[in-house]
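In order, the protein sequences belong to chains A and B. When the letters of the first sequence are read in order and numbered with our numbering, they come out as residues 3 to 297. When the letters of the second sequence are read in order and numbered with our numbering, they come out as residues 3 to 297.
These aren't lab readings, by the way, just hints derived from the structure by calculation. Where hints are given, some of them may not hold.
If chains are identical, the list can't say which one is meant, so a pair holds when it fits in one copy or spans any two.
Straight-line Cα separation of at most 25 Å, SDA-like style, residue types lysine to any residue; simulated pairs [said to hold, decoys possible]:
1) K27 / G184
2) K64 / Y225
3) K14 / I62
4) K209 / E198
5) K14 / Y225
6) K209 / G111
7) K209 / A105
8) K112 / R230
9) K292 / L156
10) K27 / E120
11) K70 / D88
12) K64 / R230
13) K296 / S36
14) K82 / K288
15) K14 / T293
16) K64 / K272
Number of protein chains: 2
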Amino acid sequence: MSLLSWNDTPTKQAILNFMNSTNDKNSQEYIPLSERVAAFDNDGTLWVEQPAPAQTGLLIGKLVEQVKADPSLAEVDPYKGIVSQDPEFMQGLAQQVPEVVIAFLSGIGKAWEGTTPEAYEAEVQAFLAGSMHPRYNRPWTDLVYQPMLELFDLLSENGWRIFVCSGGGRDFMRVFSEQAWGIYRENVIGSAPEYEYQDGQLLRQNKLHGNIALGPGKPEHIYARTGRRALFAGGNGDVDLEMLQEARFRLVVVHDDEEREYVVTAGAEKLLVAGEEGSWTMVSMKDDWKTIFKD
Amino acid sequence: MSLLSWNDTPTKQAILNFMNSTNDKNSQEYIPLSERVAAFDNDGTLWVEQPAPAQTGLLIGKLVEQVKADPSLAEVDPYKGIVSQDPEFMQGLAQQVPEVVIAFLSGIGKAWEGTTPEAYEAEVQAFLAGSMHPRYNRPWTDLVYQPMLELFDLLSENGWRIFVCSGGGRDFMRVFSEQAWGIYRENVIGSAPEYEYQDGQLLRQNKLHGNIALGPGKPEHIYARTGRRALFAGGNGDVDLEMLQEARFRLVVVHDDEEREYVVTAGAEKLLVAGEEGSWTMVSMKDDWKTIFKD
Chain A
3 MSLLSWNDTP TKQAILNFMN STNDKNSQEY IPLSERVAAF DNDGTLWVEQ PAPAQTGLLI
63 GKLVEQVKAD PSLAEVDPYK GIVSQDPEFM QGLAQQVPEV VIAFLSGIGK AWEGTTPEAY
123 EAEVQAFLAG SMHPRYNRPW TDLVYQPMLE LFDLLSENGW RIFVCSGGGR DFMRVFSEQA
183 WGIYRENVIG SAPEYEYQDG QLLRQNKLHG NIALGPGKPE HIYARTGRRA LFAGGNGDVD
243 LEMLQEARFR LVVVHDDEER EYVVTAGAEK LLVAGEEGSW TMVSMKDDWK TIFKD
Chain B
3 MSLLSWNDTP TKQAILNFMN STNDKNSQEY IPLSERVAAF DNDGTLWVEQ PAPAQTGLLI
63 GKLVEQVKAD PSLAEVDPYK GIVSQDPEFM QGLAQQVPEV VIAFLSGIGK AWEGTTPEAY
123 EAEVQAFLAG SMHPRYNRPW TDLVYQPMLE LFDLLSENGW RIFVCSGGGR DFMRVFSEQA
183 WGIYRENVIG SAPEYEYQDG QLLRQNKLHG NIALGPGKPE HIYARTGRRA LFAGGNGDVD
243 LEMLQEARFR LVVVHDDEER EYVVTAGAEK LLVAGEEGSW TMVSMKDDWK TIFKD
């Protein structure tokens with residue numbers, strides 16, 4: 003029994019059919035075990051990303067701390083956009099507009115420069131323990147989509163290795179990936195700083211490890227990590243387009259459930275057009291999912 | 003039954019003891035499954051690296067091709083060191099002296115700039131198919147140490163995830179990692195170029211992804227890939243020192259078998275000193291290994 007939280011719709015059937023045909027050694031669709039690499043975006047694909055991605059709270063809190071320590075920073079972006087709550091800047095951040103994310107990351111890069119992984123992890127733990135989602139009043143890690151966890155189980159049972167590839171922070175996600183998704187840290191890919199090993203310590207540098215993992219950065223990071231393209235991919239925004247185009251099975255989580263979750267089309271325009279063309283698997287949260295969250 | 007190609011020596015017992023104590027939930031040595039990350043160097047640790055690492059042949063062949071296309075290159079390093087077979091340069095390369103490797107990699111970076119992963123892989127396949135080891139007269143991938151494969155099996159059975167972390171090329175090793183070691187490409191870490199995704203293709207850049215994976219670069223790459231340090235590590239050269247220092251179980255392959263393999267101490271001076279201090283596990287190829295290669 004699998005995909006219990008999925009309604010019996012053509013979407014569920016498409017997933018099951020893909021599992022069957024790719025397992026069938028006599029089928030042209032057959033995929034050898036070694037090539038069964040799946041990759042999923044995180045925010046909006048595995049958990050709620052409205053009103054803003056969870057990590058945003060951590061990052062904004064950190065930048066506000068920086069401005070308190072040095073008030074002159076309030077005159078320049080990204081600090082300016084944040085302390086003034088500039089709507090355009092904040093919306094750009096929520097929709098992961100590359101330019102805004104890059105400005106934001108430069109502030110982040112400075113803020114955590116020289117930090118050890120252990121110190122960073124402690125900050126993330128404290129943030130997650132102290133943050134509730136404003137609408138659901140639950141910790142963010144409770145807001146993982148139950149149907150996606152069941153899809154992970156199905157993929158694992160069929161020999162797929164599952165990677166998460168998010169534009170968000172690799173090291174942020176790794177703090178909760180094992181508990182929330184059952185996915186080892188090493189299978190978490192995302193935007194990440196370089197670390198330098200000095201005197202027995204890893205120290206975070208103000209420099210990215212590869213490009214930011216958005217748009218073309220997703221296949222880049224997936225190849226760097228796995229030596230392959232992901233043949234099964236899931237996303238929900240245009241920043242996932244290239245990763246989805248590289249895949250054979252292209253799953254898009256469509257946010258069309260106003261009652262239980264959110265209705266969002268902004269930032270997903272290209273994916274929605276691709277979905278209309280027919281060969282992509284568009285998951286309607288409203289129609290395809292029996293439940294959204296674990297009880 | 004495990005470690006069949008290992009003699010019944012204290013070395014074998016040390017490995018088995020470590021498996022037992024780290025599996026024992028009542029022991030202070032217990033290691034949770036999620037933290038069971040093991041990392042191994044490749045050249046000289048998993049296969050023969052004398053008279054020079056296998057990849058050297060591919061790289062030198064490529065640089066010689068470059069000089070043929072542009073003879074003026076023969077005046078500058080790394081091309082000069084190679085076409086003149088400068089002994090100091092060649093020895094530096096064999097022992098992975100960082101400066102020499104960096105000069106060498108700059109030539110390599112230029113040579114393969116713009117290459118797709120598929121084209122590179124075809125070159126590696128052709129090289130491996132056409133190269134025999136000068137002493138053993140066998141393909142390099144036959145020269146993997148059988149006892150180390152059995153150690154991989156033992157670690158896997160005990161829930162360890164095995165990564166190879168070599169100063170050599172990540173993408174070179176990935177071509178044969180599944181066939182030769184039974185290790186998926188995504189568990190191969192090494193020095194690697196950045197790729198840029200353009201128009202549906204990954205194109206190799208003349209730029210490293212992170213630092214070179216030697217010395218401090220090994221814990222850096224292991225952390226970037228896994229989000230952890232490797233608690234079980236194996237190496238054979240001083241370029242593995244930092245990776246080994248980060249581990250709880252530190253295994254060093256000592257090349258002391260003139261008859262069946264090679265006697266080498268150059269480039270391993272620091273490891274041999276550490277071994278004399280007692281807490282490291284020094285593997286004597288001569289005394290600890292019943293067989294070296296698979297038949």
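Hints versus structure:
In the homo-oligomer, the alpha carbons of K27 and G184 lie at most 25 Å apart only across protomers (21 Å), although the nearest pairing inside one protomer, at 29 Å, exceeds that limit. Taking the closest pair of Cα atoms, K64 and Y225 come within 25 Å of each other only across two copies (23 Å); inside a single copy the shortest separation is 31 Å, beyond that limit. Neither within a single protomer nor between protomers do K14 and I62 lie at most 25 Å apart by alpha-carbon distance, with minima of 38 Å and 52 Å respectively. Taking identical chains as interchangeable, the C-alpha atoms of K209 and E198 lie at most 25 Å apart whether they share a chain (10 Å) or sit on different chains (17 Å).
Neither within a single protomer nor between protomers do K14 and Y225 lie at most 25 Å apart by alpha-carbon distance, with minima of 28 Å and 37 Å respectively. In this homomeric assembly, K209 and G111 come within 25 Å of each other (Cα to Cα) both inside a single copy, at 7 Å, and across copies, at 21 Å. In this homomeric assembly, K209 and A105 come within 25 Å of each other (Cα to Cα) both inside a single copy, at 13 Å, and across copies, at 23 Å. Taking CA atoms no more than 25 Å apart as the test, K112 paired with R230 passes between copies only; the shortest distance there is 23 Å, against 33 Å inside one copy.
With identical chains, the CA atoms of K292 and L156 are at most 25 Å apart within one copy only, with a shortest distance of 17 Å there and 43 Å across copies. In this homomeric assembly, K27 and E120 come within 25 Å of each other (Cα to Cα) only across copies, at 24 Å, whereas the closest approach inside a single copy is 46 Å. Taking the shortest Cα distances, K70 and D88 sit within 25 Å of each other inside one copy (18 Å), while across copies they are farther apart (59 Å). In the homo-oligomer, the alpha carbons of K64 and R230 lie at most 25 Å apart only across protomers (24 Å), although the nearest pairing inside one protomer, at 35 Å, exceeds that limit.
For the homomeric pair K296 and S36, the shortest alpha-carbon distance between copies (23 Å) is at most 25 Å, but the shortest distance inside one copy (32 Å) is not. Proximity of K82 and K288 under a CA criterion of 25 Å is satisfied in neither setting, with 38 Å inside one chain copy and 66 Å between copies. Proximity of K14 and T293 under a CA criterion of 25 Å is satisfied intra-copy only: 14 Å inside one chain copy versus 52 Å between copies. In this assembly of identical chains, K64 and K272 lie within 25 Å of each other by CA distance neither inside one copy nor across copies; the values are 33 Å within and 42 Å between.
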